[in-house]
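Chemist: Chain by chain, the residues:
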Amino acid sequence: MIALLFRDMRLAVRAGGGFGLGLAFFLIVTVLIPFGVGPQSEILGRIAPGVLWVAALLACLLSLDRIFALDYEDGSLDLLATAPLPLEGVVAMKALAHWLTTGLPLTLVAPGLGLLLNMPEDAYFWLVVTLLLGTPALSYIGTFGAALTVGLKRGGLLLSLLVLPLYMPTLIFGAEALRRGADGMANTTPLFMLAGITLFTIALLPFVAAAAVRINLR
Amino acid sequence: MRRAMELKVTDLACARGGVPILEGLSFSLASGEALLLRGPNGIGKTTLLRTLAGLQPALAGRMSVPAESLAYGAHADGLKAALTVRENLMFWARVYGTRDISQALADFNLEDLVDRQAHSLSAGQKRRLGLARLLVTGRPVWALDEPTVSLDTDSVALFGKAVRAHCKAGGLALMATHIDLGFTARELDLTPFKALPESTGGYVRSGFDGDEDFT
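So the sequences go chain by chain: A and B. Residue numbers for the first sequence, in our numbering: -8 to 209. Residue numbers for the second sequence, in our numbering: 688 to 902.
FYI, nobody ran anything at the bench for these hints, they're computed from the structure. Please note that the accuracy of each hint is not assured.
[Claimed, not checked] To list a few chain A residues with every Cβ distance to chain B over 10 Å, as calculated:
1. ILE(-7)
2. LEU(-5)
3. LEU12
4. LEU14
5. SER32
6. GLY66
7. ASP69
8. THR73
9. ALA74
10. PRO75
11. VAL100
12. LEU152
13. PHE198
14. LEU208
[Unchecked claim] Here are the in silico distance ranges between beta carbons for each label pair:
15. A:LEU157 to B:GLU755: 32 to 40 Å
16. A:LEU143 to B:ARG749: 53 to 61 Å
17. A:LEU148 to B:ARG786: 36 to 44 Å
18. B:ALA793 to A:PRO75: 18 to 26 Å
Using N, Cα and C, we set each Cβ at its ideal position, and we do this for glycine too.
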């Protein structure tokens, strides 16, 4: 199981793995926003938390279709399904590898991009906290979507349509907790909701995703 | 020497894409035996192997594959182009809880290629790496789908030797192949077990027969 985690992470950072892709996308989107909105720093500072959350979410989406599609194409998904690993564990490890190579790096670079958007000082701490709590849910929900669309040609677009609505609760509570935290208000409730959603997806979705993979392999 | 085991299939029916293609198939295979599946394209060799590997459910019938015993080798080798030969093989070794890949590398003449990335291998070299994976699984039952595709005669001989050694050590091998592997093995022609065109699914057929047994 750990071997699978390391293999997926190694594949993600090697050539064509898409590790830098999400990060570069995140950077470019954030840099584009001031061009679109204009250079008024107080407006930028006000929208920065929301912009960073949406950009992180879209950057996460970018590499989702690789989770299963590549393994399906070269036959290793069949071999993994017949290997002595529970498929639920395989799915959970793949989602974890996805988070470690997208969600976690995004969280770590987000404060630097907050600087570009003139984000208020108090928001930095909460930006990192909410992204850290929220991005695992993005990877696990995304893995479920990828499992549903594995084997479909050009499934990436359908995957986005399936997954984006499911991302909404995470976005709502994540951005809300961040906004309240930045304004110095109590944000325990949205923060707990965010953590709850993440724990719920980690606990439940690997089972659902494994069932979807089994059906798609038939 | 492994403990003796038996693979037994009784009255099996399987389908591909919802269409029944094999029915009434029975055979058994004991330790040390190799069985070659024959039959024209589309007869259901791949479907049978996938059913045995547990990748798809059987429509009817029973199969007793000893649990945790089968290693499946598909058309595709399941190699990662960005990983080296050693990394590819080590990954499967760790998945199957074995550590030693040197024997598998030696048996398939891959020792000079260990640090090459898989995308730079030729088709035959990739196939040899895919077959070496079987050795590191340590599983007694091999279910192989066209294992000799894109292998040259020398490599086919290497593969034949590996299968013989595997059977000699008490393993079982079930292969869909058209090529002569250089040893005598039992053959099973699947043509007589082709599902009749009018039997479109178990329940429809039971409507005709009336007294079908569903146990």
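Chemist: Holds or violated: is the Cβ of LEU14 of chain A farther than 10 Å from all Cβ atoms of chain B?
Modeler: Its Cβ never comes within 10 Å of chain B, the nearest being 19 Å, so this holds.
Chemist: For THR73 of chain A, which was marked as not at the interface, is the minimum beta-carbon distance to chain B over 10 Å?
Modeler: violated (4 Å)
Chemist: Just double-check LEU(-5) of chain A for me: nearest Cβ-Cβ distance to chain B has to come out over 10 Å.
Modeler: The assertion about LEU(-5) of chain A is violated, with a minimum of 7 Å to chain B.
Chemist: Go ahead and decide if the range 18 to 26 Å is satisfied by the Cβ distance of ALA793 of chain B to PRO75 of chain A.
Modeler: Check passed, 24 Å falls within 18 to 26 Å.
Chemist: Just want to verify: LEU152 of chain A was marked as not at the interface with chain B; is every Cβ pair farther apart than 10 Å?
Modeler: For LEU152 of chain A, whose nearest Cβ neighbour in chain B is about 26 Å away, the distance exceeds 10 Å, so it holds.
Chemist: Verify that the Cβ of LEU12 of chain A lies farther than 10 Å from every Cβ atom of chain B, and report whether the claim holds or is violated.
Modeler: Since the minimum Cβ distance to chain B is about 15 Å, LEU12 of chain A lies beyond 10 Å and the statement holds.
Chemist: Beyond 10 Å from chain B, beta-carbon-wise, is GLY66 of chain A?
Modeler: Non-interface label on GLY66 of chain A violated, nearest chain B Cβ at 3 Å vs cutoff 10 Å.
Chemist: Over 10 Å to the closest beta carbon of chain B is the bar; see if SER32 of chain A clears it.
Modeler: Answer for SER32 of chain A: holds, closest chain B Cβ roughly 43 Å.
Chemist: Would the least Cβ to Cβ distance between ILE(-7) of chain A and chain B come out above 10 Å?
Modeler: At about 8 Å from chain B, ILE(-7) of chain A fails to clear the 10 Å cut-off, so the statement is violated.
Chemist: For ALA74 of chain A, is the shortest beta carbon distance to chain B beyond 10 Å?
Modeler: ALA74 of chain A is in fact no farther than 10 Å from some Cβ atom of chain B, at 5 Å.
Chemist: Within 36 to 44 Å: is that where the Cβ-Cβ distance between LEU148 of chain A and ARG786 of chain B falls?
Modeler: At 43 Å between Cβs, range holds.
Chemist: Determine whether the non-interface label on PHE198 of chain A survives the test: each CB of chain B must be over 10 Å from its CB.
Modeler: holds (18 Å)
The structure is inconsistent with the numbered hints 1, 2, 6, 7, 8, 9, 10, 14, 16, although it conforms to all the rest.
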